[in-house]
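The working numbering puts the first residue of the sequence shown at 4, with every later residue one more than the last.
Derived by calculation from the structure, the hints in this document are not laboratory data.
Note that the structure is a prediction, hence the values are computed from the model and not measured.
One or more of the hints may lead you astray.
Unchecked claim - Derived lysine-lysine pairs resembling PhoX-like cross-links, with alpha carbons at most 25 Å apart:
#1 Lys-89 x Lys-141
#2 Lys-89 x Lys-27
#3 Lys-41 x Lys-27
#4 Lys-89 x Lys-41
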Amino acid sequence: MSIEKVLYTAEVNVTGGRENGAAKSDDGQLDIALGQPKALGGDGVSGSNPEQLFAAGYAACFIGAMRVVAMRQKIDLPEGLNIDSKVSLGAVGQAYGIAAELVVNLPGLNQEVAEGLVNAAHQVCPYSNATRGNIDVKLSVVV
C-alpha cells in the first residue's frame with residue numbers, strides 16, 4: 004500500500020537507542036528519555052521504551068480510526084471510550100518480534116455495534132494496515 008497524498012510527516016531524532024537514549028521531535032512536542040525495562044535487564048526507571056511508545060501510538064491512532072468510522076456510520080461514540088493497549092516483545096527464532104493487543108472499551112454501546120465499529124476501524128487504522136500480516140494483533144471489545 005503506497006501513500007497517495009502525504010497529510011503529515013512526524014520527524015523525530017533518537018540518540019542512544021533503547022538503553023539510556025532520548026527521542027525528540029522537531030517541533031519539541033515529544034522530548035522523552037528512553038530506557039531498558041527491568042524485564043530486559045535495564046533499571047526500569049530511566050525512561051520509556053519502544054514497546055510503550057508503539058502501544059500508545061497504536062491505541063491513539065486506533066481511536067482516531069474509530070472516530071472516522073463512527074462519523075461515516077453515524078454512530079455516537081461514548082464519553083468513556085478508551086483502549087488498554089499491550090505490545091509484547093519476544094524471540095522469533097534468532098530474531099525478535101512484537102505482538103499487539105488492543106482491548107477497546109466502549110461503555111454503553113451495543114456489543115454488536117461496538118464489534119462492527121472496531122472491525123471497521125481495524126481496516127482503516129494506519130497502524131493496523133502497517134502491522135496486518137506482519138505481527139499478531141488481538142482485538143477485544145468491552146461494552
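Hints, one by one, checked against the model:
no.	hint	in the structure
1	Lys-89 x Lys-141	holds (10 Å)
2	Lys-89 x Lys-27	holds (23 Å)
3	Lys-41 x Lys-27	holds (23 Å)
4	Lys-89 x Lys-41	holds (17 Å)
Hint violations for this structure: none, all hints satisfied.
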